[in-house]
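Per this note's numbering, the very first residue in the sequence shown carries number 1; after that it's consecutive.
Wrong hints could be hidden among the right ones.
[To be verified] Taking lysine-lysine pairs in the BS3-like style, the calculated list, with each CA pair at most 30 Å apart, reads:
hint : residue 1 : residue 2
1    : K62       : K100
2    : K72       : K112
3    : K117      : K62
4    : K91       : K47
5    : K100      : K45
6    : K91       : K114
7    : K112      : K91
8    : K100      : K114
9    : K72       : K60
10   : K45       : K62
Just so you know, these hints were derived from the structure itself, not from any lab.
The model shown is predicted, which means the values in this text are computed figures rather than measured ones.
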Amino acid sequence: MSKFAMLIVASLLASLSAFSQDAPQPAVTTHPKHNRMQGNRSEQKLKRLTKRLGLSDEQKEKLRPILQDEEKQMSSLDSDTTLTAQQKHHKMREIRRASKSQMDEILTPEQKEKMPKMRAGAGEHHHRKSGAAPATADPTTTPQ
Numbered sequence: 001m002s003k004f005a006m007l008i009v010a011s012l013l014a015s016l017s018a019f020s021q022d023a024p025q026p027a028v029t030t031h032p033k034h035n036r037m038q039g040n041r042s043e044q045k046l047k048r049l050t051k052r053l054g055l056s057d058e059q060k061e062k063l064r065p066i067l068q069d070e071e072k073q074m075s076s077l078d079s080d081t082t083l084t085a086q087q088k089h090h091k092m093r094e095i096r097r098a099s100k101s102q103m104d105e106i107l108t109p110e111q112k113e114k115m116p117k118m119r120a121g122a123g124e125h126h127h128r129k130s131g132a133a134p135a136t137a138d139p140t141t142t143p144q
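Just need the whole structure built from these sequences, with the hints factored in.
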């Protein structure tokens with residue numbers, strides 16, 4: 001019986017020491033969609049704009065540096081740890097506003113007219129993919 005007791009004690013000690021070790025921490029990974037676009041967001045955006053607005057070759061060449069600069073500024077903003085989330089959001093809006101202003105100088109009036117519709121469509125697409133309901137008008141108001 002003492003051999004059996006020793007075997008149980010030895011088993012318990014071995015299992016306790018195995019469980020007492022720290023579990024390995026999972027590696028920090030980013031969302032796959034973020035990795036896919038990282039480093040070429042400006043080119044992806046240029047392709048979308050070309051497809052949806054029918055950009056000419058000349059317009060593409062003028063827009064490319066604007067979009068690349070926007071991507072560079074957004075990337076450095078994202079890695080800035082000194083700003084609060086609210087400050088980053090505010091700065092992000094400023095960067096986008098400046099880029100839009102520069103883009104408006106290159107786009108035709110017809111293309112500028114399509115931009116808000118594109119943005120609205122992108123927002124609805126995002127909501128469908130994420131499972132969230134798109135924002136709707138206030139149901140208490142009646143259309144004019």
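Each hint, compared with the structure:
no., hint, verdict
1, K62 with K100, "13 Å, holds"
2, K72 with K112, "24 Å, holds"
3, K117 with K62, "22 Å, holds"
4, K91 with K47, "25 Å, holds"
5, K100 with K45, "13 Å, holds"
6, K91 with K114, "25 Å, holds"
7, K112 with K91, "23 Å, holds"
8, K100 with K114, "13 Å, holds"
9, K72 with K60, "18 Å, holds"
10, K45 with K62, "14 Å, holds"
Every hint from the earlier list agrees with this structure, and none is contradicted.
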